[in-house]
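Chemist: So the protein lines, in turn, are chains A and B. Residue 365 in numbering that gives the first Met the number 0 is what sits at position 366 of the first sequence, and the numbering runs on without skipping anything. Residue 93 in numbering that gives the first Met the number 0 is what sits at position 94 of the second sequence, and the numbering runs on without skipping anything.
For the record, the hints were derived by calculation from the structure and aren't laboratory data. Do not take every clue at face value.
[Unchecked claim] Derived list of chain B stretches under chain A, where covered just means 3 residues or more per stretch with a C-beta under 8 Å from a C-beta of chain A:
(1) 23-37
(2) 49-55
(3) 76-90
(4) 101-108
[Unchecked claim] Not the full set, but computed from the structure, chain A residues with beta-carbon under 8 Å of chain B:
(5) Trp188
(6) Leu191
(7) Arg201
(8) Leu209
(9) Ala211
(10) Ile217
(11) Val219
(12) Leu258
(13) Val266
(14) Ile276
(15) Asn307
(16) Gly308
(17) Ile379
(18) Pro380
(19) Ala411
(20) Ala416
Each residue gets a CB set at the ideal place from its N, CA and C atoms; glycine is no exception.
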Amino acid sequence: MTEQQRSHEGDEPEGLSEEPLGVEAAAQERTGEDPAGQDDERLDRDGAEERDEGLAQDGADGGDEGLAQGRADEDDDRAGEDRVDDERVVEDRGDDDDLVVTHVVPDAAPTLDLPPDAEDEAGAALRESHAWQLSAEAVASLPPEAPPTFEPKPTSDDAAPGGSDVEDGAAGAAPEPSGAPGPSRPTGWAALGSALRPRATRAQVLAGVLCAVLGFAIVVQLRQNGDSALSQLRQDDLVRLLDEASTRSDQLSREAADLQRERDQLVSGSNNRQAAIDAARRSAATQGILAGRLPAVGPGVRITVTDNGGSVRPITMLNMLEELRNAGAEAVQLNDQRVTASSAFTGSTGAVQLDGTTLTAPYVWLVIGDPDTIATALDIPGGAMAYVRNDGGSGSVDKLTEVHVDALRAAAEPRYATPAAVPGS
Amino acid sequence: MIAVIGLAIGVVIGLLVHPTVPAELQPYLPIAVVAALDALFGGLRALLDGIFDDRVFLTSFLSNVLVAAFIVFLGDQLGVGTQLSTAVVVVLGIRIFSNVAAIRRHLFKA
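Using the sequences plus the hints, can you model the full thing?
Modeler: Structure below.
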C-alpha cells in the first residue's frame, strides 16, 4: 500500500495525464457492458483495475528511477516522513479508491483557500517537487482554510548544493517548499527556542541520549588524543614508524662506533705523542749531558793533579781522560771547562791547552760516574795516575756522593750535517 | 534543552569515567565522532526546517557512525585506511558546513 501510494504520488505529473484516461477507459468499458451480469461487471472491473494498476505500476517504476536519480540522498531520510504522510492521507481519505487517493495531494492543494499568488507558487512548487515531498507536519497541519505560506526557494549559491546534499534528518531541505504554515510553525529562533524548551517528548529524550553519547565520545577521543599519539595510529603507520626508528637507530649506532674508534685513535695518538715527547725529552737530557749542554749532578770523584814543576804533558791529560771514559765517566769537567767528545788537549808541557784554553795548575777534574770503578781504574799500575807521577806531578782521588758538573759548553751548530730520516719510524 | 543537557552529561561522564578505548576501536572513534557531529547538525537543520523527526534522527545518527566506521575499517583492510579516513572526514566536513550554512540562514536570515 505504502509503496504503491508513494509511487502514485511521486509520479504526479504523469499520473495526472494518464490516470484519468485509465478511469475513462474503465468507465466506458463498464458503461458499455452494463447489460452484462454482475459477474461480468466484476470481471471487467477487475480487468480495469488491473490495467490501472499496471499503468500506475509503470509510472511508479519510472518515477522511482527519476527520484533515485534526482534525490538519491534524500530518499532514505525521507522514508520516515513519507510513511507518516501516507498513513495520514489514508486515514483522511478513508475508503476511497486508490485512484482517488493518488490525486489527494495535487487535488487538495488547489482546493485550499490560497491567495492567488501563493496558489500559483504552491502549485508550481508542488508539481516541480512532486507532491509527496510535503512533509508530514505540513500535511497534518493543513487545515482546510489555513493559507499555507510556502517559502520561496533559496536562490543563493549555498542553496544549490543543498538539493543534492540534503543532510540526514533534514527531510524537507532547502529546495523544496518546506511546508511551514506561518502561524502554527515557528521558524528560526522561535523554532530553536521551542525546541530548547524541556519537554519529555520522545524526540527530545532521544536527542538528549544521542547527544550524551556524542559528548562522551568526544571527551574520550580528546582524552585519548592527549594521552598518547602512538596508541591510536594504525598498524601501517606504526610499522613505518618502527622502520624509521630502527633505521635511524642503526645509523646512529654506526655513527657512534665511528666516533668511538676516532676517539680511541686520538687518545692513543696523544699517548704516543706524549710518549714520544717524554722519550725525546729524556733523550735530549741524556744527550745534553753527554754533549755538555746541560749541567749534571750525581755521584762521582774529584781528582786533583798538582803540577809542581810544570812538567805535566798534554798526553798525560789525554790519558787521564781516556781512562775516565773507559771507567764509565758520564760527565767530566776540568777546571772551568766541560770536557766533551770533541774536546782536545793541545799545547806543550807545563802549558796544557784544552780546546785552545790554557789550563792552570792545579788541575781539578770533576767526574760523574761510579766512584769506585773510576778510582780503581785510575790507580791501576801503569794507569793514569802513574803517568802523572812519571811526569813529576802528583794527584789525589776523592770519591764523592754528589758531584756538581756546572760548566757548560755550547754545541756548535753543524755546518754540513742535517738530520736524516730514520728508517722505520 | 534536553539535548544540551545530554551533551553536558556525556561530557561529564567522559571526564569522570576515564574510559580507555580498546585498541581495535581507536582508529574509528574520531571518524565516528565526526559522523555523529554531522548527524547532529543535520538534525538541527531539520529542526529549523520544521521537519525534524526523531526516528530519522536516530537512524541517521547510527547509520552515519556505523557507515563511517565501516568505511575506515574497509580502508584499513585494503591498505588505504589513512586515505579513506581523510576522505570520510572531508565529506562529512563538507556536509557539516552546508548544514551549518542552512542553519545560519534560518537563524540569521543571511
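Chemist: Now, for every hint given, state plainly whether the structure supports it.
Modeler: Consistency of the hints with the structure:
1. 23-37: Since 9 is at least three, the answer is holds.
2. 49-55: holds (count 7)
3. 76-90: holds (count 3)
4. 101-108: holds (count 5)
5. Trp188: 6 Å, holds
6. Leu191: It holds, given that the least Cβ distance between Leu191 of chain A and chain B is near 7 Å, below 8 Å.
7. Arg201: 6 Å, holds
8. Leu209: 5 Å, holds
9. Ala211: With a closest approach of 4 Å, the Ala211 of chain A hint holds.
10. Ile217: Holds, because the Cβ-Cβ distance from Ile217 of chain A to chain B comes to roughly 6 Å (cut-off 8 Å).
11. Val219: 5 Å, holds
12. Leu258: 38 Å, violated
13. Val266: 50 Å, violated
14. Ile276: 64 Å, violated
15. Asn307: Where the cut-off is 8 Å and the nearest Cβ of chain B is about 116 Å from Asn307 of chain A, the hint is violated.
16. Gly308: 118 Å, violated
17. Ile379: 102 Å, violated
18. Pro380: 108 Å, violated
19. Ala411: 86 Å, violated
20. Ala416: Status violated, d = 80 Å.
Checked against the numbered hints given earlier, this structure breaks hints 12, 13, 14, 15, 16, 17, 18, 19 and 20; the rest are met.
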